[in-house]
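Asker: Given chain A's structure and the hints, the job is docking chain B onto it.
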Amino acid sequence: MRNKIRITQSLLSAYEWVFKKDDGYEDFLKTLRREKTPPTEAMLDGIRFENCLNAVLNGEHIDSTHEWKPVIEEMAEELQGSRQQVTLFRDIEIDGQPILLHGVLDYLREGHIWDCKFSKRYELNKYHWSKTPQTAMYFALVPEAFDFEYIISDGKYVYREYYPRDIVPPIEPRIRCFLAFLKQHDLYNIYHEKWRVN
Amino acid sequence: MPIIRSTDLNFADKHINLIISAPPSMGKTTLALSAPNPLLCDFDEGLARVEPAHRKDASICKTYEEFLSDCKEAEGKYETIVIDTAGALIESMKEWAMRTDPKASKANGGFSLQGYGVIKQEFLRLSAYLRKHFNVIFVFHENLTRNGDDGVFYELVVEGSTRSLVYQPADLACHLFIDHGKRYAGFTPTESYNAKSAYGIKGIIEIPELKEGDPNDFLTKLFAKVRANLDAESKSLAPQKATYDAAIKEARAICDAVKNPEDVPLAADAIKALTHALTSEKEAKDMLKKRLAELNIVWDKTEKVYKYAE
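So the sequences go chain by chain: A and B.
For the first sequence, the positions run 19 to 216 when my numbering is used.
For the second sequence, the positions run 26 to 335 when my numbering is used.
Same shape as in the complex, but just chain A:
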């Protein structure tokens, strides 16, 4: 019986960046080894934005002079009543390897998944399902969900990217490529060591 291993969208995403960025391989190794890295300024902005949005969703007042008030209110109106930060797991098996999919959804309600992004320089289709494994991964975690929307802000405007389930290919082929890559690069043992489910 093989050990079960965990996969997150962040790990898959770090792997997919290997082919898109010069130092992608080094960054991927850090993620694979679960090395702690200090958050970037962009990450901190994203956390601050999401905290502000969640506070408003939980009934807190946003000051009329707050720089993000219009966009936070627009997003909160859409997300009202949703569950926030929903941690989910799902067991799957790929080529005999037991795998635990693990993810934290930003928002879930009535069959809809939302992911909040703060991006100072948003470009159209930035989060297209072909560019990030997150959409396919979250659909796998919530088989009952019928659509996924990225709700994005640059602080001034709200942008949306909408993906119905039927246009997003399943996550399994991406996981298969990832596992093959680990084997080719002699990283499979590190993966099992660091990501095994106890």
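Take these hints with a grain of salt, some might be off.
Unchecked claim - The list that follows gives simulated cross-link-like pairs (lysine to any residue, SDA-like), each with its CA atoms no further than 20 Å apart:
#1 B:Lys314 to A:Asn72
#2 A:Lys174 to B:Ser137
#3 A:Lys144 to B:Ala223
#4 A:Lys48 to A:Phe199
#5 B:Lys250 to A:Pro182
#6 B:Lys315 to A:Pro57
#7 B:Lys227 to B:Ile203
#8 A:Lys149 to B:Lys314
#9 A:Lys174 to B:Glu147
#10 B:Lys227 to A:Asp184
#11 B:Lys39 to B:Arg150
#12 B:Lys315 to A:Asn72
#13 B:Lys297 to A:Pro161
#14 A:Lys87 to B:Val143
#15 B:Lys307 to A:Lys87
#16 A:Lys87 to B:Gly142
#17 A:Lys144 to B:Tyr192
#18 B:Lys315 to A:Gln103
#19 B:Lys266 to A:Asp165
#20 A:Lys135 to A:Pro57
Calculated directly from the structure, the hints in this document are not laboratory data.
Answerer: Just chain B, lined up with the frame of chain A:
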């Protein structure tokens, strides 16, 4: 504000906002004029290129104010506003912003960075206003740009910083192309063009060739299909929605009743036993999990019991 039951929703009057984009000479204007009872707001003198049989009423817009005034006048008389091209509309907005908002002009007379902010706000306001009264079709020219080493990408001809924004109010967006002599509209984004699918309108749809005497009604039929799809979707989801609402309501009561660790297994069983629909089971489990966090209750893996965290 009265609450409307999902089963009572009626989409017969829903206005649709569509982007049509293509390189020149693909028949964008003719296609746009196939929408129901259109008024062409012709910023680009495109009407002259439309076959006389398919021409419709037009407003020749010289300034942004003229365009707004013509839209006002069109309320109740036309069902669809066709903006041809939206790139030219945004250029006219720039000229309007420089005349009316001091922030929009640089000291040396050029267009300022803040000016683009003014335009973006105005574009969103305009889109919301138009949607209240009409279907709206934004026609865009496209340019071919490079994408990676050997790919190509069709990009909207519009001021760069507004490119991401123009898709936001749109329900649907299609890129027109010709393949083996047939004309198609692509509604799903690909590596070579942007698009937007919704309400069951997706992928590639062939646009039939207009022969002499044929009615130009492709978009009229497409909009009717959107409304029919919306109606069917709403009706098919209604029973699930009712079950979902009931499950969430009961789950909330179950979670509120949890006061101590002994209550947790019963609550978990009760949530599992509910009749679930859509994502109600996952949401209900999340509710319980967060209730336990509030009460500082944790699962002890060794003793296999719920207890207060130490």
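Asker: Is Lys314 of chain B within 20 Å of Asn72 of chain A, Cα to Cα?
Answerer: 18 Å, holds
Asker: Under the criterion that the straight-line Cα-Cα distance not exceed 20 Å, is the pair Lys144 of chain A, Tyr192 of chain B satisfied?
Answerer: Given that 20 Å is the threshold and the Cα spacing comes to 13 Å, the pair holds.
Asker: Does Glu147 of chain B lie within 20 Å of Lys174 of chain A when you go C-alpha to C-alpha?
Answerer: Distance ~13 Å between Lys174 of chain A and Glu147 of chain B Cα, so the pair holds.
Asker: Compare the distance between the alpha carbons of Lys227 of chain B and Ile203 of chain B with 20 Å, and conclude whether the hinted pair is satisfied.
Answerer: 17 Å, holds
Asker: Does Lys48 of chain A pair with Phe199 of chain A here, judged by a C-alpha cut-off of 20 Å?
Answerer: Measuring from Cα to Cα gives roughly 16 Å; hence the hint holds.
Asker: With a cut-off of 20 Å on the C-alpha distance, tell me whether Lys315 of chain B and Asn72 of chain A pass.
Answerer: It holds: about 15 Å lies between the C-alpha atoms, which stays within 20 Å.
Asker: Does Pro161 of chain A lie within 20 Å of Lys297 of chain B when you go C-alpha to C-alpha?
Answerer: With Cα atoms ~17 Å apart, Lys297 of chain B and Pro161 of chain A stay inside 20 Å; holds.
Asker: Assess, step by step, whether the Cα of Lys174 of chain A is no farther than 20 Å from the Cα of Ser137 of chain B, and give holds or violated.
Answerer: Cα-Cα ~17 Å, so holds.
Asker: Does Pro182 of chain A lie within 20 Å of Lys250 of chain B when you go C-alpha to C-alpha?
Answerer: 18 Å, holds
Asker: Compare the distance between the alpha carbons of Lys266 of chain B and Asp165 of chain A with 20 Å, and conclude whether the hinted pair is satisfied.
Answerer: 15 Å, holds
Asker: Hinted pair, alpha-carbon criterion (20 Å max): Lys39 of chain B, Arg150 of chain B. Please report holds or violated.
Answerer: 18 Å, holds
Asker: Taking only the CA atoms, is the gap from Lys149 of chain A to Lys314 of chain B under or equal to 20 Å?
Answerer: Outside the cut-off at roughly 32 Å; violated.
Comparing the model with each earlier hint shows violations of hints 6, 8 and 15; every other hint is respected.
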